[in-house]
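Q: Starting from the two chains in their separate frames, assemble the complex, guided by the hints.
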Amino acid sequence: GQQVMQIPQYQHVQEGEDFTTYCNSSTTLSNIQWYKQRPGGHPVFLIQLVKSGEVKKQKRLTFQFGEAKKNSSLHITATQTTDVGTYFCAGVGGAGSYQLTFGKGTKLSVIP
Amino acid sequence: DSGVTQTPKHLITATGQRVTLRCSPRSGDLSVYWYQQSLDQGLQFLIQYYNGEERAKGNILERFSAQQFPDLHSELNLSSLELGDSALYFCASSPGIVYEQYFGPGTRLTVT
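Protein sequences, first through last, are from chains A and B.
In our numbering, each residue carries its 1-based index in the first sequence increased by 2.
In our numbering, each residue carries its 1-based index in the second sequence increased by 270.
Just chain B, with the same shape it has in the complex (with noise of 0.2 Å):
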């Protein structure tokens, strides 16, 4: 257990939908990664949070959004879903902004 929780562990959501996807870091925890990974690929890097501020961008694309709120937890939102956005969705949370990173349980989205 890497002390990061991730909700929920599945969805499943028809095309054109909008969804959220939560995170909670570890303790202590101020930095906030999401990545997304598809069947047989590795992990594409999303964005980054460190202490509620954006911080680095990946391959994120305009219909996916994230925040960070003050007590640290960050959502992702994926709006208008495509059929090639399912996926496992992972959040990770290091302690600052160079350092290992912790990755929680991901979330396993399908869009149908």
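Extracted from the complex, chain A is given alone in its bound form (with noise of 0.2 Å):
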């Protein structure tokens, strides 16, 4: 079956350092998803990437996908204590498939 591995599993920071987790799967991915899950929270959904090499910012938070579209990167710059959390891709497969298969995901620790 389907399956999306995520780097690294874990990741401490200094406040104001740069954080990238990434994620590759092993099918093609019609779609990718990213959701961040704060400690003791529940996941929330960031953005969704559909198209082949597509680049999408949302404010310090830069999100990539692939060209053959079965990896993706997620890219925090200048992160802050609020970035504190785990980051999650979640892969849907090619055509006829609707699971979402999520990575184990990226815990991401800023020391202030």
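Quick caveat, the hints were computed from the structure, so don't treat them as lab data.
Keeping only pairs whose Cα atoms sit at most 27 Å apart, straight-line, the calculated DSSO-like set for lysine-lysine is:
id : chain 1 : residue 1 : chain 2 : residue 2
1  : A       : Lys59     : A       : Lys106
2  : A       : Lys109    : A       : Lys38
3  : A       : Lys72     : A       : Lys61
4  : B       : Lys279    : A       : Lys38
5  : B       : Lys279    : A       : Lys106
6  : A       : Lys109    : B       : Lys279
7  : A       : Lys53     : A       : Lys72
8  : B       : Lys279    : B       : Lys327
9  : A       : Lys72     : A       : Lys59
10 : A       : Lys53     : A       : Lys38
11 : A       : Lys38     : A       : Lys58
12 : A       : Lys106    : A       : Lys38
13 : B       : Lys327    : A       : Lys72
14 : A       : Lys106    : A       : Lys72
15 : A       : Lys106    : B       : Lys327
16 : A       : Lys59     : A       : Lys109
17 : A       : Lys72     : A       : Lys58
18 : A       : Lys38     : B       : Lys327
What the simulated footprint calls covered on chain A by chain B, stretch by stretch (three residues with Cβ under 8 Å from a Cβ of chain B suffice, anywhere in the stretch; the number is not a length):
id : segment
19 : 22–36
20 : 45–56
21 : 102–113
In silico negatives: residues of chain A with every beta carbon more than 12 Å from chain B:
id : residue
22 : Gln13
23 : Val15
24 : Gln16
25 : Lys61
26 : Gln66
27 : His77
28 : Thr79
29 : Gln82
30 : Thr83
31 : Thr84
Every residue, glycine too, gets a C-beta built ideally from N, C-alpha and C.
A: Written out as structure tokens, the structure is:
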């Protein structure tokens, strides 16, 4: 079945440093979504990428979808303490597949 | 607040027992998803319903079952509970089949 791998599993950064998490799928994806889960909270939808090579920005967050639609990344510029949480990518498989497969997430800690 | 409600918030029960978790999706959403999240684990997809019908099945144990009712709320039934079933159970909803998902606050199940 479809697998979505996410690295790193944990990342500790100094406030103000940049952060990147990477997501790789074993199969071509029709789209990929990113979610953030704060400690003690529930996952919250951040963004969806659909097109090959797509890049989207949300303030300090930059999301990319690979040309082959098998990988994606989330980059945060100048992290803040409010960025703390676990970031999950979730991919939807190819044609005919509707199941969202989540990666195991990257847990980000920001040291003030 | 995502608009998805889950009850109860916490549930403590003994091994061998049966429990029912309830989820009400956002107004207008037709799809409901159930996920299991264990400590330091990602989100394990259990099952998806769309407008009352089962749409996709993930790693759901035979001891677990779910349904979506005509008013679109959903229930997840867990029976013959084992210690390893202790986890956070999230419900999510979305407008259709391949859309962003909105998660409820979760039900924390503790099996003793």
